[in-house]
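Participant: Note that the protein sequences, when read in sequence, are chains A, B and C.
The letter at position 374 of the first sequence is residue 374 when you use the numbering used here, and the numbering goes up by one with no holes.
The letter at position 165 of the second sequence is residue 165 when you use the numbering used here, and the numbering goes up by one with no holes.
The letter at position 124 of the third sequence is residue 124 when you use the numbering used here, and the numbering goes up by one with no holes.
Hints listed in this document are in silico derivations from the structure and should not be mistaken for laboratory results.
Check each hint, because a few of them may be wrong.
[Claimed, not checked] Below, computed lysine to any residue pairings styled on SDA-like, alpha-carbon distance capped at 20 Å:
| # | chain 1 | residue 1 | chain 2 | residue 2 |
| --- | --- | --- | --- | --- |
| 1 | B | K49 | C | V75 |
| 2 | A | K355 | C | P205 |
| 3 | B | K49 | C | P205 |
| 4 | C | K308 | A | N65 |
| 5 | A | K355 | C | L74 |
| 6 | B | K167 | B | S19 |
On a predicted model such as this, the values are computed, not experimentally measured, just so you know.
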Amino acid sequence: MSSNAITIPGTEIQARPWVDELHQWLTTVDHKRLGIFYMLSALLFLAIGGVEALIIRIQLMRSHNDFVSPEVFNRMFTMHGTTMIFFVAMPVLFGFANYLVPLMIGARDMAFPRLNAFSFWLSFLGGLLLYFSFLGGSGLYGAGNAPDVGWWAYAPLGARAFSPGHSSDYWTLALLVSGFGSIGTAINIISTVLCMRCPGMKLSRMPLLVWLNLVMAGMVLIAITPLSAAQIMLLIDRYLGGHFFDTQAGGSAVLWMHFFWIFGHPEVYILIIPSFAFMSEIIPVFSRKPIFGYPVMVGATVCIAFVSMSVWAHHMFTIGMNSYANSFFAITTMAVGVPTGIKIFNWIGTMWGGKIQFKTPMLFSIAFLFQFLVAGLTGIIQSSAPVDWQLSLSYFVVAHFHYVIVGGILFALFAAFYYWYPKITGRMLSERLGEWHFWLFLIGFHLTFDVMHIPGVLGMPRRIYTYEPGRGWDTLNLIISIGAFIQAIAILVFLANLVISYFKGARAGNDPWDAWTLEWSISSPPPAYNFATVPTVASRRPLWDQKHPEDPDSRYE
Amino acid sequence: MSAVTTSFPNAATGWQLPSRGKVAMAGLIIAESAIFTIFVVAYLFYLGKSLTGPTPREVLETPIFYTICLLSSSLTIHLAAKSLARGIAFAFLGLWLLTIALGGLFLYGTAEEWHRLIYEHGLTISTNLFGTTYYSLVGLHAFHVTAGLIMLLTVAVLGLCGRVGVKQSGHIEVLSMYWHFVDAVWVVVFTVVYVLGR
Amino acid sequence: MLRMKSSTLRLLAQTILLLFWSAMAVWASEPKGPSPHGTNIFAPASTPAKSIADLSVFVLVITGIIFVVVFALLVYSVVKFRGRATDAGREPAQVYGSTQIELAWTIIPILIVVVLFLATARVIHAIQDAPEPAGAVQVTAIGHQYWWEFRYPKLGIVTANELHIPVSDPSHPTPTFLQLLSADTDHSFWVPELGGKTDLIPNHPNRMWMDPQRAGVFLGQCAQYCGTQHAKMLLRVSVDGPEDFAAWVRAQQKPAVEDAGAIAGRRVFESNACMNCHAVAGTPADGRFGPDLTHLMSRATIAAGAAKNTHNNLRLWIQDPSAIKPGSLMPAMKLSEADLDAVVSYMETLR
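Bound conformation, chain A alone (with noise of 0.2 Å):
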């Protein structure tokens, strides 16, 4: 991919064939293919999430339909949400964290290149064990098929007794694999962040997507560890005949709620995080200033993941806890929003003053900021546990968490792709493709997870494969579902984009967007090495400092 060096004539390399170069894919190390696998992986998983999206929407276009069976309908559900947080969400982030922290800073690769291989193709075979329960699911009394058990798996649904067949292992050990495969990728990402930053570069210095990821990082110790635990116990329950959550034995169904929603709280802000770090990347360059109040960034997220950690029974505030437990889980899901509402302020205090561009990068991360605000405020609604009770399992957390995910972290990662993928490949992504995802993707999604709120106001529950008409339900859920067809064809011009750009896309050099990270700072796309000499560093923006030596950041720091 790279051949950036310098040549010296008569010494050309004759073209690899085709074989040798598919190899020296597949084994590779390089930390900048491994990214790129990660996004490629991720991006063939949110097509097939996306199909599966598609057919719930069908399904639900109106009351009584019969699209789908209600079995074919809850696999739907279970496989979509499965997929889009582990083999979309999760690898994609990760693949911009292998990508882009070691070029930030300054280092050759990872800490553990062969670990990271290692761990990427944990992850992808994860997503292909998940995939090959359509085929080999079967089991007892040809039941089986994909799991069916929704994404959270509750018991006692996930137990023999109510889950024959082998659908649900899959689903255990397509998790379990690829949480081994997350784990080693954030113990790479720790270890390269404190042991292999350029001379300068104190942890003060480092970018905030290189400190957001290392939180991030530290946060998937701690947070996968709980699912996995939780899947060895659900193994040991059916297959060795152990009670963890057999309740009939004395299990305790309410233990697997805690211990999926210790994981699966901060997972989702494990997704959010790296988010935050492609908007404090982002939303300078193109407002033309440094991050307003870089400390506070970085305290605040800190502060986000400690918090985080102690908010987990939010998810279950109807299943009988008694007041205390609920007024303090209600207290401590409104403390995790200060931090997170205090970034919205210090990226609005960024732009506040500046030169703003807009640029695709700009455009999205606009967009990320308002749906981001809502998100978080119907996340603030929801605290109140009392009318939790009333919103808990219905559509309005459905449109509530779709806001996060879609309206927050895949905008996010939308602004990713448009402003780094001049480094990656070398070619800048077309903006007038980029014009047209960013509108029909932004009208699709408001149509859908707006609207979406209004049946769970009225009282529609989450994962029903039909519904009763008169409820008021039927011309919400056929917009809903035309937003999403939408929003499916704004992808749709995404990926066009991604592949034309390849090919005839304007030669970006190295700095298209005139940044001041040290990625920018060689050659589009890098070169294998990276860096031919190690950087040093004397603040937080080194291009900066570069190019206007008059006023560089090193004076203020």
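Got chain A sorted already, so can you dock chains B and C onto it with the hints?
Facilitator: This is chains B and C only, laid out in the frame that chain A set:
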């Protein structure tokens, strides 16, 4: 496309960062601690909740001897690592092999205990909540001991072939961090299962 | 600057708004909440539902204000500080932060959190720790895949799927307190206009209460995914005036009607596996796996609301449950046509 990077201010001298191996092992230990915590929580939560079958008090015997073996192996591995750092190969190898022996003894003790529990008291993982949580927690720990022993044995073989010297003391220190972790977990498991749980 | 011409933008915005409001108009004109009542959390008919609705409004107002303020700041900054062509090359002032501003926008949110929490905690305790008055009606609700079992232990009633409770007069309260249990997986009892939802979890009894202040039929459904037919585990709560409720209780307490004309059907029922799962009070049938059928004809629907309680539906249900509710745990009994007709006639005598 030029590969010449733009120049940056002069390097700060004395730029020292922690060792990758130690940071990575610390990360692994944190992750593993989280897994063990969940199993410990399940064990404590289910104390006294079994509907049937033998209770801890009825069947458990405190494995004092084997615990001493395991905990002393922490001492021996520490001494082994120090010997290696000082280049005393003979002492290193001897202490290393002693560590393996002590760890192996501990595993033997676990096996013996399980044999007694299964065949004399009829306690298996599917008997009741106590059986499930006990075998899972102690078994998870024993699994980690086994994994550690495999790594220790690998080093022993390499050491006997003369391939382990002062240069490898960093790696040996990282491995001994893992072994100390396994011992620390045993202290917790021992307290929870044999002290609190009875 | 935005690449699109401002006229295109304006057109685009107008089209979007037009589409959106048309959709809203269509939706608004759709009949909602006919008789029976709908499932709107903002149409509370009982004290817990009302407390929650009031709290929701309070929370919505606060978050609404926050939204308006931050939204305005965002729009302002995007418009005011957009880069212009004339800026080329010049960077704006590089501001790194401001401690006072940071402090302000930390303290204000903390204060908002305190206010929100106090309001929340008050309602939590009011609802969850409410004492049970002497006049309360006690119901035990047991969740099954995919139907609801209701028992009134003090009144000696066992029924299924359709709950009857009395109107509660605030001066003389007769709320209904439910104990929530489950026979298999997790379920959740949600009738939005009567209260928030509470889950039914095996080996984890829960408790909730409601005191509806107007009569009528209130709808809801299971809200915790419980398997294939989670979507068809519907709830129908009939809130009756005092006389109606007393009459209903008396009727339910009686054993099954003995209709001589249905002997043939009763024989079919009792000689097939029907009585293994179903109970009919006063007969040898006392299975508890399926709904109690003693007063089946007093119910408006069958299969937990999946179908209206009509002759044809009843016949179809017994012949082949998967035609109405595929995944339901009732097996197709494979009765002959004659037996089927007989047993349906028998069912229709169980008033």
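Participant: Kindly indicate which numbered hints from before are broken by the structure, ordering the numbers from low to high.
Facilitator: 1, 2
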